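If you want the building blocks of each chain, they are given just below.
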Amino acid sequence: MMMKNRPYWGPSMLAVTLAAAVGLTAGPALSNDKLVELAKDNANWVMTGRDYNAQNFSPMTEIDKESVKRLRPAWSFSTGVLNGHEGTPLVVGDVMYAHSPFPNTTFAIDLNEPGKILWQNKPKQNPTARAVACCDVVNRGLAYWPGDDEVKPLILRTQLDGHIVAMDAETGETRWMLENSDIKVGSTLTIAPYVVKDSVIVGSSGAELGVRGYVTGYDVKTGQQLWRSYSTGPDDEVRLAEDFNDANPHYGQKNLGIDTWEGDAWKIGGGTNWGWYAYDPGVDLFYYGSGNPAPWNETMRPGDNKWTMTIWGRDPDNGMAKFGYQKTPHDEWDYAGVNVMMLSDQQDKEGKDRKLLTHPDRNGIVYTLDRTNGDLISANKIDDTVNWTTGVQLDTGIPVRDPEFGTRMDHKATDICPSAMGYHNQGHDSYDPERKSFFMGINHICMDWEPFMLPYRAGQFFVGATLSMYPGPKGDRENMLGLGQVKSYDAITGEFKWEVMERFSAWGGTLATAGGVMFYGTLDGFIKARDSDTGELLWKFKLPSGVIGHPMTYQHDGRQYVAIYYGVGGWPGVGLVFDLKDPTAGLGSVGAFKRLQEYTQQGGGIMVFSLDGESPFSDPSVGEYDPAVPGEPT
Amino acid sequence: MKKTTLAAAALLAFAATGAAFAYDGTNCRAPGICWEPKPGFPEAVEGTEFDPLHDPAEVSKQGESIKEMDERNARRVAYFIKTGEFIYEVDDIPAE
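Those protein sequence lines, which keep their order, are chains A and B. Numbering follows UniProt numbering, in which position 271 of the first sequence is assigned residue number 271; successive positions increment by one, without gaps. Numbering follows UniProt numbering, in which position 31 of the second sequence is assigned residue number 31; successive positions increment by one, without gaps.
These are computed hints drawn from the structure, not numbers from a lab. Bear in mind that the values here come from a model prediction, so they are computed numbers and not experimental data. Honestly, I wouldn't trust all of these hints.
[Claimed, not checked] So the derived list for chain A, only partly shown, Cβ under 10 angstroms to chain B, looks like this:
no.	residue
1	G162
2	G186
3	G210
4	Y214
5	T222
6	A247
7	E262
8	M300
9	P329
10	R457
[Claimed, not checked] Rough simulated footprint, nothing fancy, chain A against chain B, three-plus residues with beta-carbon under 8 angstroms:
no.	stretch
11	25–37
12	42–56
13	59–72
14	75–86
Glycine is no exception: its CB is placed at the ideal position from the N, C-alpha and C atoms.
Let the sequences and hints guide you as you build the complete structure.
Okay, here's the thing in structure tokens:
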């Protein structure tokens, strides 16, 4: 780590920063506008979902249905660590910013000469953090703040050990580093930070260790905490606006963070948010989902357990919630509701223009809400084999449960679909605004589930259920294959334009392009390109290891590149990564993915593609050592 | 008395129709409060065989930990804003 206890800054630097620190208290926040502008440039990919709409959509067309067959590797980069590589790199101008799983090293790579690491910031972390990570030591990405007159651009990083760090984007030097989560109570960080205006939003992990979830806003320049909103407990801590859910009072309003729990169970009630964010500058709300309640044993926590499993619309300036819709009241299946939020503007069935939010949840339902007030527009099954609910009532918002597929003490429930891994997990999907298609990477996994009683001890796992997982009805249960699907979905009609089966879960998410090609990576180690209209497989490439991140694309020197992390891991990879054999180990994922090791091993890096593999190194003299030039070449 | 009668009636109906009267999430006591105990399970678990018996000392640890982190962060940030120098180790931050 570059930051020292006594900082590296000399007197001149000190003066500059002092001015910055004084200046931060005044002036309007315009940096979100700058981020919006930067995102419009095809040269950049400035945040997790490319822009605030989180559509993972690129208007570039150089790579299209015809040319995609010529896609070849242009260059690659190894991060030097194994374990799961989630998320996607950021690109700003001539620099690619890459992150790694634990120990969460950050790299800046020169796109003019990708062999060159401009800087790296490697933190020293307490290795104990690894022991309280439920599902591999993954991290979902970085955030970028474009800077202002006072402070230069910053890269923001979360660490598994609970720290949030701001680094100078040009030098990699640490500006500030603060504690958000405490591993001693089982609280870690895997989520990517998210920049809105001049603040950085940070989520939380640890519901499998009974961590009560919260989301926090920090001043991006100083790290000063601006607000913190919890998922459970008193309204002033959940932070509900005066008009919270006034548009949909039947969703519930006041005091439910306490009243839907028995006693103090809400204090260890989960609801962490480790997924993704989206933001609408017009409505000035950011959107995310809170996770599952703790423990998994439903019998130990009677009640609807609000506000876990909730789609939130919150004010980024103060964290106050304008609306909250609970998707899975009283969870019985670990359908952690943290999945991707994709924004779109479409006409509803009555022809009314709507600002929408579409969200494929773990519970097997794709929710589409009006993002200005939380109105429920559609809620359709991702696959017709979902059986815990017969469907969601749009007028009440209630999912009608099928008691046969609920879970409870002294009972082993069988053939529940989806499984705890969900029909959709952490993958960041995409939306094609021209085709009005959501391209979703889907899981096809079901399960048996039997809860057991257990005590809560801070810092220890607090799960209380034994699971067996296996392919869904459309897969091959005998051979434990056919665990995934990829589909094109219309949120208004509810129709699927096309759907294909995959050998394993399509875990990492998708990328859509105006070239009519959609991309995604697979756990068995391929990046694939399909025809956005038909789903036809147009191209693929065998990567060094399986993929659990989402593809991205950027333009550099007039050329379109597609980049993707490889490095299998995450929840589906825990058996392979930690060499586990008991099928119920890894919270039940080991059995479901026992065939994975026949197709891939661990890895860690980025592979970048272009037409014909053209890159700066197409001129072989680029980056060569020149003895005539002292010091570093170029 | 009324409650007992209702419960008995529900039990009879349940016996007659199988799972039809089990918790399906649609019977709400108030907006946002739709949970019901499953057949054979208690309305409240305290004092039953399913009582989680949470230790208040354990349950309060997260809140204490967050308070302590926030206090350390506040000292770091205050010194940073005041001097432009960031020091992580709070013990090394010079006193006023």
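Verification of the hints:
| no. | hint | in the structure |
| --- | --- | --- |
| 1 | G162 | holds, 8 angstroms |
| 2 | G186 | holds, 9 angstroms |
| 3 | G210 | holds, 8 angstroms |
| 4 | Y214 | holds, 8 angstroms |
| 5 | T222 | holds, 5 angstroms |
| 6 | A247 | violated, 13 angstroms |
| 7 | E262 | holds, 6 angstroms |
| 8 | M300 | holds, 5 angstroms |
| 9 | P329 | holds, 6 angstroms |
| 10 | R457 | holds, 6 angstroms |
| 11 | 25–37 | holds (count 10) |
| 12 | 42–56 | holds (count 11) |
| 13 | 59–72 | holds (count 10) |
| 14 | 75–86 | holds (count 9) |
In terms of the numbered hints stated before, the structure departs from hint 6 and from no other.
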